[in-house]
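S.K.: Read off the chains here:
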Amino acid sequence: MKMLTVFEKTGPARFIGHLDLQRAMQRALRRSGLPVRYSQGFNPHLLLSFASPLSVGTEGLREIMEVPLAEDVPEASFLAQLNAALPQGLKASLARALPDDAPAAMARLHAARYAIRPMTSADTLLAAAPAFLAQETIPFLRKTKSGERMDDLRPLILALRAEDGALYATLSCHERGTAKPEQLVAALAAFSGLPAPRCRVTREGLLDRDMRPLEGL
Amino acid sequence: MDTNWQERLEALLETVSRPARYVGGEVNQADKEWKPGMTRFCFAFPDTYEVAMSHLGMKVIYDAVNRAEGLVCERVMMPWTDMLEGMKREGIPLFSLETRTPLSAFDAVGFTLQYEMSYTNVLAMLDAGGIAVESRDRGRDAPVVIAGGPCAFNPEPLADFVDAFLMGDGETATLEMLRVIGDGRRRGLDREDILLALAQIEGVYVPRFYTPEYHGDGRLAAFSPVRAGVPARVRKRIEPDLDLAAYPETIPLPFTEAVHDRIVLEIMRGCTRGCRFCQAGMLYRPVRERSPEKLFALAEKLVASTGYEEMSLSSLSTGDYSRLPALIRGLDERFSSRRVALSLPSLRVDGELKQTLEMSSQVKKSGLTLAPEAGTQRLRDVINKGVTEEDVLRSVTEAFESGWSGVKLYFMIGLPTETDEDLLGIAELAKKVVGRYYALPREKRPRGLKVVVSASTFVPKPFTPFQWAPQDGLPEIKRKQALLRQALNIRGVEFNWHEPELSVLEACFARGDRRLGRALLAAWRSGCVLDGWSEQFDNRKWLDAFEAAGLTPAFYAQRERPEDEQLPWDFADIGVTRAYLRLEFRRALEGQTTPDCRDGCEGCGLRRFEGICPE
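Here the protein sequences come in this chain order: F and V.
Under the working numbering, the residues of the first sequence are numbered 151 to 367, in order.
Under the working numbering, the residues of the second sequence are numbered 155 to 769, in order.
For the record, the hints were derived by calculation from the structure and aren't laboratory data.
All C-beta atoms, glycine included, are put in the ideal place defined by N, C-alpha and C.
Be aware that a few hints might be false.
If you anchor each label on the Cβ, the simulated ranges turn out as follows [unchecked claim]: (1) P363/F / E244/V: 36 to 42 Å; (2) D692/V / A234/F: 48 to 54 Å; (3) D692/V / M151/F: 53 to 59 Å; (4) G754/V / A234/F: 51 to 57 Å; (5) L210/V / T287/F: 45 to 51 Å; (6) R292/F / G681/V: 34 to 40 Å; (7) P345/F / E244/V: 16 to 22 Å; (8) P345/F / E239/V: 18 to 24 Å; (9) E221/F / S688/V: 34 to 40 Å.
Extracted from the complex, chain V is given alone in its bound form:
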């Protein structure tokens, strides 16, 4: 083996942008020593260091694995293109931050899949790490490549590259997987047998044990296990009690500023609101809260071990946390004298909470951000977003009255049933927000009004009521963006939109099947990496890659799936049933809303999982 690459690496680090991303050694890095007999795992984040170090999940798994006896966890992230090219040129393998070990020397390498457009980064990292990119080319000594995270719920586009996927909560399941992998390798088992053992773990999907069949037109015809002893349906993993689930008491401090550089407390998992476009809201049911007592204890340890000056709360819907006033008050009492600011998202603030916020000196109000998602009540009913125009206007008025002049409003364009009237409704709402500002007496309103309207393009996601719905075609998306640009040419309003070509590709991979693996491979080979960064994105190469694979983006993105079509992700059981999602889709098209399930069970299917759903 070439051992001189470390010296060449030192020289390369002198020439690349932000080399601090590749050296490790941060405060609180876990330096657990690997000894023979232990299982060595590398947590791989398929995006840059700055993004990775903002990600809570990585810190949770990193800590949980390193606390476990017999397991070691190190980290690796996607190098920026200058580093990636330099490593290739100099013959330097992609290595872990902690010990500069090439990925190929680990027992297991595990990717978190947060975003469809990071998939080619997975391929690039495997290749750079000296691991065969395709699962079938890996020999006995190659690490077992695993993956989890929200995108692992439709794993098929990556089925050719990842040996085993975990669906659902990873705190306990990751440890189980690593023990099986480590034991199997120490006992000299065949790769196939290790994977078969992995498939016995609840939540684990091993793609090579399942085969899809297709109709002539490309639709999925059948999908079934081809090996005895693997489950026909894979049921997601659930951590039933967040107070018992692993949570880090210390986290590595990035050497170079991360996108989110602060302590994050996950206060709750899951959401009961049932917005019909929201994948996380369905995937992470049931709602589970971490107790304030547990959160106080964690916060104490994290503040002491990091020195962070800011803390934020994480969940899908922080305003729904049942003991929010007590939590905020408690955190404020404990940490304001230590100058740790509490950064809160936009909440519906009334009663007890309002008093708490007014009392506290260290709560950092980071401007108002609201997500009405659609411009008219009709369309908000279609997507079951329980926000009214009056809610929005009341919130912005309060914000203006308390001295903020900046308001952010998030919308989606291309939602099912959307008409131009709905789009123009976005501009109408923005105008009313501006109107509320000017309605205040001149001396009472803060200076410098700035209403930022962001409109992303709707991407239909698996396991949502809109999983059957088509995405608008590219010309239609562009027409709608232009319409909005014109309508939002209002003084005090700034309009942001997303690159439409990128949204189309997201839609392809979000609801893609296994055949897309060929397109991914071709795209990566033609140089598509880090596509989430607009300066890197090259749509032409992607279109060529689809063509090379004999596929068309429109088949995946723009086609309405008939009710009886088998979907590539149907084999996964997330708790919420397909029948319920279909019912919700029908209600959506009828403009009928569904109440929050805390006010009464709506029968989403989760109760089939015994003892899991509290209501």
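One chain only, chain F, in its complex shape:
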């Protein structure tokens, strides 16, 4: 079986990069005493898989990883044992036992919900959100490994509203198209003719194709 695990990455842990997070989780699982499954081969390693990497500095409230297990473990004991081994800022809130052949969370991921909080007052910027969203296309410069190219942000914004001094956005997050909160803020700032404010970003949840929480199945 494998255990779909929902966890938060907050506080100091939001500064851990993705590779370091993988290492931290692997070591936590090793300390936990849970019967995790290892790969075969010369350098056996833990077969963890994460639904989506999170940028350094971004908090995640309902991040998802899947942990293959060598034997069955009750969900509640898995949760308790893992949490006992996790550092400050990493905390598991839900575990769901799945058969090994259940589709991977990574493959089911379609979108992500973000709360984007400007660190300096940005009322004018936020007020421009509806007009910004009403555009048919939102051209933006996408930086890629091979350079830069123009792309359209509009189809990647699935929902956007401004409320209580923050932006709440649902952004496309799958292999055919991904938008990042920083790209959204930069495009909105360019649209409003304002400098892009520095923001605290929280990824509040991961969604499947039907816009339901990924962990809901």
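With chain F held as given, fit chain V onto it using these hints.
M.R.: Leaving out everything else, chain V in the frame of chain F:
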């Protein structure tokens, strides 16, 4: 006091590179609560988080202090330049990882001195932490600034900045120092009196109680105590029994990958081989081993508390550990089923050990690294490196036969008596290594031959037989590097060398005197920090700083010291005597080797320390 800096810090963390280095809260961080009446110590590592978290000594002291009643230890490292500048701009003081306490609020701040080019980082950290950089400017409330580690054996270049140095093993002595500091501060003693009390602890050197005098040409003329009640010579501290010495059973796990990110077991301290360039080999005598039983118990606890997937053994010469096969077998039996790989350095592998290694599934052989240090037998005899060409060729042949195609060979250039023939000998040896590879039948040799030849520039160190020897001048170092580059233009061979300007500065500070403090101060003020990182190093600024201090690098680096010259570190008694080092220097120049002292006492002087040397 400005209390809003914590909020500004949160904002700053969003903008700096690798912020995980500054937030603490790692697994196994010691969260010992400070209460009134306790002594609060901040262990300061004058290099980045990634380097600091690879360092065993920090983990040992951190654990030992936090286990002790009445003492608390937190950590701080050198921030990267973006963070350092941001903190200055935002008025954020350098703070501890555990509780975000500014350095100025600790009872004591203690630096480990691992590398000469980290000295300006010490100054930068004091300043950023709100502590007066110069010892004489610190008032009653300022923390006592202490320092230890290998470079503390020649403390003089930092004498103006550090209140008290510890020479030698720190496990017990650090606790003694902190108790004296804490008691003194609670009783409201004057700074001077606290320092005087510190000077009574064996191994402690308080520079303000000693004064150097110089000849007109800059050589040291005299060095003596100026205060009654301090020792004329400071004898180093020794932990006599490693099984009884403090060792951590749990270590903080870095949030961002450290340079060495694994469990490290220190199996032995000291070395008896007597390589004449090697400072650690002299400083850490006598040889002391930790027992396999103790190591097994420590390993059990460390594996359980960290979840690390790799373990390595640490010592100056692991192949000399007397019960190595039993140790490796025992670790393998205990941990291979738990998927903890044992990473071993290059060893001379024969007999029982060979069998053990072949049996074990989890021993990770991390490629072959050999350090012949010199290219000819003549020069290897000069430096007393007991490795022959045949040893090297046999080891690489075994490595190629067992499937490795990568071999690393370490050398030094600029060793005393070196000629171009010795340098070309490095290339000859590399060619022979390549030859051994091609001598294997095509189907038996691993693909992708890569022989990496690294040549560092020889830096003469205090407390070695070469402490009197000159370093090559910059043009000569560059000429030799160019010669080697040309000679090593061999297919399958890669050549690495060190920045020569950096090696010259290392040589200055390694054998520097107290006057160098002015150069350090000027260099730091002109922006020299993190100089060990080549993108930060700016030699021009250093040369200007020397000039501003009225000093020349050549005086320190390139001058052969006459036999009768008083050396700035002569006041420290490391056990090995000056007379023995001089004898070894003479033997070196004659090309005469000295056997390993386990085969018979060579009279290095350590036996003067009663009951310390086992042989």
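S.K.: Could you say whether the range 34 to 40 Å given as a hint is met by the Cβ separation of R292/F and G681/V?
M.R.: Holds: the Cβ-Cβ distance is about 37 Å, inside 34 to 40 Å.
S.K.: P345/F and E244/V, beta-carbon distance inside 16 to 22 Å?
M.R.: Hint holds: Cβ distance 20 Å, inside 16 to 22 Å.
S.K.: Using the beta carbons of P345/F and E239/V, state whether their distance is inside 18 to 24 Å or not.
M.R.: holds (22 Å)
S.K.: Looking only at beta-carbon atoms, does the pair L210/V, T287/F fall within the given range of 45 to 51 Å?
M.R.: Once the Cβ atoms are compared, 58 Å apart, the range 45 to 51 Å for T287/F and L210/V is violated.
S.K.: Hint says 48 to 54 Å; check whether the CB-CB distance for D692/V and A234/F agrees.
M.R.: holds (49 Å)
S.K.: Just to be sure I understand the hint, the distance between the Cβ atoms of D692/V and M151/F should be within 53 to 59 Å; is that true here?
M.R.: At roughly 58 Å between Cβ atoms, M151/F and D692/V fall inside 53 to 59 Å, so the hint holds.
S.K.: Should the hint that G754/V and A234/F are 51 to 57 Å apart at their CB atoms be regarded as holding?
M.R.: holds (55 Å)
S.K.: Is it true that E221/F and S688/V lie within 34 to 40 Å of each other by Cβ?
M.R.: With a Cβ separation near 50 Å, E221/F and S688/V fall outside 34 to 40 Å, so the hint is violated.
S.K.: So the hint says 36 to 42 Å: do the beta-carbon atoms of P363/F and E244/V match that?
M.R.: holds (39 Å)
Of the numbered hints listed earlier, those contradicted by the structure are 5 and 9.
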